[in-house]
Amino acid sequence: MRRWWIAISSVLPVLLLTGCLAKVEINDQLFVLSLYLDKDVEKNEYTVTISSPLPNRLSNGAGSGSGQGQPFALVTESAPTIPLALNAIQRQMTRKLDFSHTRVIVIGNRLARAGLEDLFNWTLRERALDYSTFVMISPQDARSASELTPVFETMPSTVLKRFAVQNNVMGTTLKDCLSGYMAGTGYAMNQLSITEKPVSSQSKTEKWAGVDGIGLFDSTRLKSVLNIQQTRVIAWAIGSRKTPIYRPVYSVLWDGGRSKASVLFTHSESSKTISMTSSGPLVTIKLRGTADVLSLKDDKRREPTESNTYIIKELNDQIGGHLREALTISQENGADILKIGQLLNARYPDVWQELKQDWAGNYKNQVEFQIKLKLDIRNTDMQTG
Amino acid sequence: MDTSNTLFQELKNYLSCNDDVTYFPVQVQDVECTFIYIRSIVDIVMLQEKIIRPLLLLNEPGTRPFMEVIHSDTLFPWPMKDEKDPLTAAEAITAGSAVLIVNSLPSCMIFTIPKYQKRTVQESQNEQVVIGPRESFIEDVDVNLSLLRHKIRHPELKVVRYQIGRYTKTPLYVVYLEGLCDKKLLQVLDRQFKNIDVDGVLGVSFISEQFKITRKTSFPQFQYTERPDSVASAVLEGRVGILLEGTPSAQIVPTTLFSLLQSSEDYYQSFIYASWIRMVRFVFALVSVLLPALYVSISTFQPEIIPTDLLLTIAAARENIPFTALVEALLMELTFEALREAGTRIPKPVGQTISIIGAIVIGQAAVSAGVVSAPMVIVVSITGIAAFIVPHYELGLSLRLLRFALLILGGTMGLIGVLAATFIIYSRLCSLNTFGTPYMQPFAPIVFSEWRDMLFRAPSYMMTRRPYAFHAKNKRRLRKK
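Taken in sequence, the protein lines are chains A and B. The first sequence begins at 1 in the UniProt record's numbering and counts up one residue at a time. The second sequence begins at 1 in the UniProt record's numbering and counts up one residue at a time.
Be careful, since some hints might not be right.
[What the hints assert, rightly or not] With a cut-off of at most 25 Å between alpha-carbon atoms, the simulated SDA-like pairs for lysine to any residue come out as follows:
#	chain 1	residue 1	chain 2	residue 2
1	A	96	B	310
2	A	96	B	306
3	A	96	B	216
4	A	23	B	216
5	B	216	A	9
[Said to hold, decoys possible] Example chain A residues on the side facing chain B (calculated, C-beta under 7 Å, incomplete):
#	residue
6	26
7	27
8	53
9	100
Bear in mind the hints are in silico, worked out from the structure with no lab data behind them. Cβ atoms here follow ideal geometry from the backbone N, Cα and C, with glycine treated the same way.
All chains, please: the whole structure from these sequences, using the hints.
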């Protein structure tokens, strides 16, 4: 009997102290699938919109509304801080807000430019929020992204999540942003494009979302936005193009525009190395890629292998040029999106200790880039024109 | 019969009020004799051919005097035993013997010619196999011994008889292979069987419950089987088989958890398929204990570890369900237990109806009425099926019982509760010891060489040694030439 008491008295505290008996049934919770954050800079007020599924409209969990209305709800509240806004939303809810399934945070353009410290402070303390949550910016208000029409998916949050999961351009997570924020370097994230176009019906237009660039951040603020050409090559350099859902297609011209070809990169990888020179850190970025020729028109009807040398030369010029432009923009804005600071810290910690105080300035003035490209054409296609 | 024969009178007293006892008087050369027997339990043909007929032949002219030949071994072509004690004679009669009382003699002769009603050897009902022998034990222990002797034809196969029960006088046989079996185990069994003093034994489980080790755990310490080949295989490993008259299954000791999870089929099929199916069995044995507890604990305490899409499916299904997940699971599990029990007890002709009502009507109606959610029906069904994949029936019962404990802990304390309970069960399993054999061997203690016949089955040519767990003296099972 004594042994039983010892066993019970040693096991029971463990069970009780670890949050046992704190149960909430699934249908007593409101799972927030995506968060949309905006900031009114004049009023210094945050506007938080949550997107949550409505299980009662998900017919057996599979349907998309099936005529009973949208299977999700959007609730918006404004308050001086993010937790207060969420608290205001919670007050109106019959169920407990749960962030454990939040997969996307969309940040409005004005908030991004004003700085994300408050967001990071909140995310670091909200235990339920997963650091693998994807983060992206909206060109306008974040709320406008929440109103997109989910044509192929059930909910807008699913559309946005799949943009990131499928690596359409980049899959920046909260963890990537926090590591850049904590280390004082920078990060980049997808910028959505919100347009109106007829999609599911010809008669009316619907809000349609896509990704049309990436926003460059220093440790907290949005500094600049890259165009799609620069975005593609930066995504390549960051090494986030691993899944094949989106593969870049390049078009090149030579012979004064009379010969042309389109190629699809089926394989791409990158590496970054850092070394110290007398003028400062030298970063070598190597991009390797293998492409298939999709179409080819050679004005002089050269052999395919000979045409390929022209294609590769043009590709080198184009990709190298875009990368150089993108790096220049990032340096001008002090946005270390390739996380060179962390590379420097790992390789030359003493140098990092010296430079990290004003890393944005040092990144702009001291870091030099060297670009090496190794591009191959896999097939020697027949001429198509 | 002369009423002065005291033995006859006393015997008659013992057998009074037994209207099925036959007193058959015979006169041999002016000597009055009486056969006493119970017609329903003796072999009448044997009685007439081997005993009464030779006796009547003495009435023919020229034969030797009856009183001279009565005690000679050549009179009856059947073994007989002299007995003076009327109680012993009465017991022999009720056990299926015929007793011959000669008027002028103070003792009687007992002829053991029992013939009980029994069914023929049939196909195993509870441990079916696709390939391999299909015969199973029946209620008659002699037939069961004959089935065993047919498998192991060696003089070192020993069969020791005990008699249990003051009234039932049930024979119990301990079967083992001399030289392979641990003598200490035999001594323990011997001591225990000799100490059992009880009115009667009608089932083999009574025997196992006499041992202290079985009283503190729900896990079976004795392995039941109705297959002679399983007993033969166990005896060849150095284990002991226990057969009891009137029970169509044998018990095997000592036993381990892993031996209870093995099926005869494993050894008759290709080792590749057997290994695969054995792993499936292990997984589903775990599923049968853990799945409802995990479902309830995760869905109420840790929904963050459920993939979002699955979570939404569950949430949609649970919408408007009036019960908490724990109550829902308990309701379903109890209903399933009731259905299973009803399915076992119900007369065969209506058995089909119960299964249809259970599976379709109750399940479907409960879901469409919004009393329980569809995922819970799936969980309970999978668990129910998983419990039946365990080859040993009693182990399946034990796992089903533990499932309820885990379910309640999972529903009140979440994953931590499930993990704590699993840890306690695991510790208990590791501390169990049946007749000197650790219950979890070869997993705890670890004996790597025996892992080839644990989670998977290695080809038989690789299993050259007998399991260490059963203390067989001669370890080598297979010699390669």
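Taking 25 Å as the top limit, are the C-alpha atoms of residue 216 (chain B) and residue 9 (chain A) close enough? 21 Å, holds
Against chain B, run the beta carbon of residue 53 (chain A) and see if the smallest gap drops under 7 Å. Holds, because the Cβ-Cβ distance from residue 53 (chain A) to chain B comes to roughly 5 Å (cut-off 7 Å).
Taking only the CA atoms, is the gap from residue 96 (chain A) to residue 306 (chain B) under or equal to 25 Å? Satisfied, since the Cα-Cα distance of roughly 18 Å is no more than 25 Å.
Satisfaction of hint between residue 216 (chain B) and residue 23 (chain A), Cα-Cα up to 25 Å: The hint is violated at about 33 Å.
Within a Cα-Cα threshold of 25 Å, do residue 96 (chain A) and residue 310 (chain B) meet the stated pairing? 19 Å, holds
Hint check: is the beta carbon of residue 27 (chain A) less than 7 Å from a beta carbon of chain B? 5 Å, holds
May I ask you to test the interface hint for residue 100 (chain A) with respect to chain B, counting a Cβ-Cβ separation under 7 Å as satisfied? Where the cut-off is 7 Å and the nearest Cβ of chain B is about 3 Å from residue 100 (chain A), the hint holds.
How about residue 26 (chain A): closest beta carbon in chain B under 7 Å, or not? At about 5 Å, which falls below the 7 Å cut-off, the nearest Cβ of chain B leaves the hint on residue 26 (chain A) intact, so it holds.
Measure nothing beyond the straight line between the CA atoms of residue 96 (chain A) and residue 216 (chain B); if it is 25 Å or shorter, mark the hint as holding. Roughly 45 Å between the alpha carbons, so the hint for residue 96 (chain A) and residue 216 (chain B) is violated.
Hints 3, 4 from the list above are not met by this structure, while the remaining hints are.
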